[in-house]
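Engineer: Just need the whole structure built from these sequences, with the hints factored in.
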Amino acid sequence: MSKIGEAFARGPAFIPFITGGDPDLETTEEVLRALCEAGADIIEIGVPFSDPVAEGPVIEAASERALSAGCTADKLFDLVKRVRADVPILFMTYYNPVFAYGAGRFTQRCAECGVSGLIVPDLPFEEREELLGPCAARGLELISLIAPTSEERIARIAKASSGFLYCVSSLGVTGTRDKLGGGARRMIEQAKRVSDIPCAVGFGVSTPEQAREIAAYADGVIVGSAIVRIIAEHGRDCAEPVRKFALDIKRSVTKC
Amino acid sequence: MANGRFGPYGGQYIPETLMSAVVELARQYERWRNDGGFAAEYGALLAQYAGRPSLLYYAERMTARLGGAKIYLKREDLNHTGSHKINNVLGQALLAKRMGKTRLIAETGAGQHGVATATAAALLGLDCEIFMGREDMERQSLNVYRMELLGAKVNPVLSGTATLKDAVNATMREWAGRMDDTHYCLGSVMGPHPFPVMVRDFQSVIGREIKQQMLSLENRLPDAVVACVGGGSNAIGSFYEFIGDESVELIGCEAGGKGVDTPDNAATLTNGAIGVFHGMKSYFCQDEFGQIAPVHSISAGLDYPGIGPEHADLFDRGRARYVPVTDGEAVDAFEYLTRTEGIIPAIESAHAAAYAMKAAPALGKDKIIVVTLSGRGDKDVASIAKYRGVKIHE
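Chains as they are written, first to last, in the working numbering: chain E, 178 to 433; chain V, 2 to 395.
Just so you know, the hints here were simulated from the structure itself, not pulled from any lab data.
These numbers were taken from a predicted model, which means no experiment stands behind them.
A few of these clues could be false.
Stated by the list, open to error - Pairs of lysine-lysine residues, derived as DSS-like cross-links and limited to a Cα-Cα distance of at most 30 Å, are as follows:
#1 K421/E / K356/E
#2 K259/V / K392/V
#3 K154/V / K356/E
#4 K102/V / K154/V
#5 K356/E / K102/V
#6 K180/E / K369/E
Said to hold, decoys possible - Partial chain E-side listing against chain V, Cβ under 7 Å, derived:
#7 S227
#8 D228
#9 V230
#10 A231
#11 Y272
#12 A277
#13 E304
#14 L348
#15 T353
All residues carry an ideal CB built from backbone N, CA and C; glycine is no exception.
Structural biologist: Next comes the structure, spelled out in structure tokens:
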């Protein structure tokens, strides 16, 4: 079983997201360790991009902070290598930074530094071939997304995907929401009809209650903006409050 | 054309949430573009509402003063709303109605596309929201109020460089949250398929008219067709009909800003590299890490770090040539055209006129250059005054 597959074998997985290099690399390293301590099952690190069109204002602002602090993919590769987390690490980034780096070189560096896979939100199923080859050659997972609008695309995507399926809970961009759309459960049912791939739900999950609700029917819960907001609030002193929040989420995910 | 590829360029590089919307749009466009009733309604709006065909005007004084090639101006500035943008917007607004949409959203740079979209929405009874960079709202405050008069809501975009690129980001985000009743009326030959194909088709009326008018005026094809390029819609509209006519040189004029050897320009094909952004593979101004560059042009409409995928392909194939024109050269051409011909061009279009002014004297009097004036320049008067250090009351 792959490292990512194992992460789902122990029950619903808690998958936090942070923007790499926000507010600086030292803090990202502390936050990474805090998330591991809190029991994260997989960690997504955002490689900041100048124009993150799938993100809401919270993660967009984090990307701006990280870029102005000088964060680059290379610095994040080094960081992941240095931290040597037991938890599988995924890089989430837009396609242009990967393309500019060279898909072959980028995936090579991922493999060397212990990054287990990539999530590229502006590389939909139809366009993923050009990155799928380089990923497969180095044993990386290229995570596919499905959205409430995917409908008949869900079966096609689920059948051909590996690692896990990233289920976008609601329309729009990333960001915390008071109420989550009810579509995620139905999307997962559709996916499960054709594949036993783990399904993790993200976009808008911000409270332990929401996490618990999702963990009841999903294989994983992805929490991004809520954590990034804590980092924005506390700056360099964010590791401890992030750890506390992550523990709360982890507990509510595991209780199911 | 699968996924709208032009050579290696184009494609549909957008978040999964939007995929169903662009797939459906492509399907509906295929259906309606071949529908006689749709074509008739679109044609009637172009003729009776937009005022087509637009004039192909022989710029006699400009030609005489420059002393070389004959210069014709394709007068898209005379269209209703004052630019070529109306050609595309009327087509997309009609399509949106056929698709059952009740609301248009659009990005705008200079405000020309926003005004055109707000106009079509008013005409066809659609709700309308425009996204515009805060910096552009300041540069083009009259156009902002025009859009509001037309019933549109104008949303300021504060993120990033607060210009056209960021307005596109904001409109894409808005669309991802609301697709059921909303059509994204994209303003240029960019973005994910089918936009580059669809917008080109709606703009290709420019080149078809140029060819007919040139044949009836001169009984021959022009030697060159020149147009300004941001995303590239008026340029592809001017070029498309001539792509198979190898004798016709196609020249796109990019925003050279303060100079292509300074960081302050938007000359995508001169300085950019291949990348993937805003739904398409094409050339983009970017740094070595693939971060999109904060570009500059005096012209809000050309202040964009990318270019449509069909231009990227024409560039690679050598079928079209792309040249940078600086802010200073564009302002000079703006004033020259105004004084010489009594035509105030959009500062975007002045980039194309500037190239013609440089090229014409070196060409023989038997040569013919067509310059597309994509829009009129009333909106730019205040920026020109500012550039020249003249204080005026708006």
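Engineer: Taking the hints in turn, state whether each one holds.
Structural biologist: Hint by hint, here is what the structure shows:
| no. | hint | result |
| --- | --- | --- |
| 1 | K421/E / K356/E | holds (23 Å) |
| 2 | K259/V / K392/V | holds (22 Å) |
| 3 | K154/V / K356/E | holds (27 Å) |
| 4 | K102/V / K154/V | holds (17 Å) |
| 5 | K356/E / K102/V | holds (26 Å) |
| 6 | K180/E / K369/E | holds (21 Å) |
| 7 | S227 | holds (4 Å) |
| 8 | D228 | holds (5 Å) |
| 9 | V230 | holds (5 Å) |
| 10 | A231 | holds (4 Å) |
| 11 | Y272 | holds (5 Å) |
| 12 | A277 | holds (3 Å) |
| 13 | E304 | holds (6 Å) |
| 14 | L348 | holds (5 Å) |
| 15 | T353 | violated (14 Å) |
Violated hint for the displayed structure: number 15, the only one.
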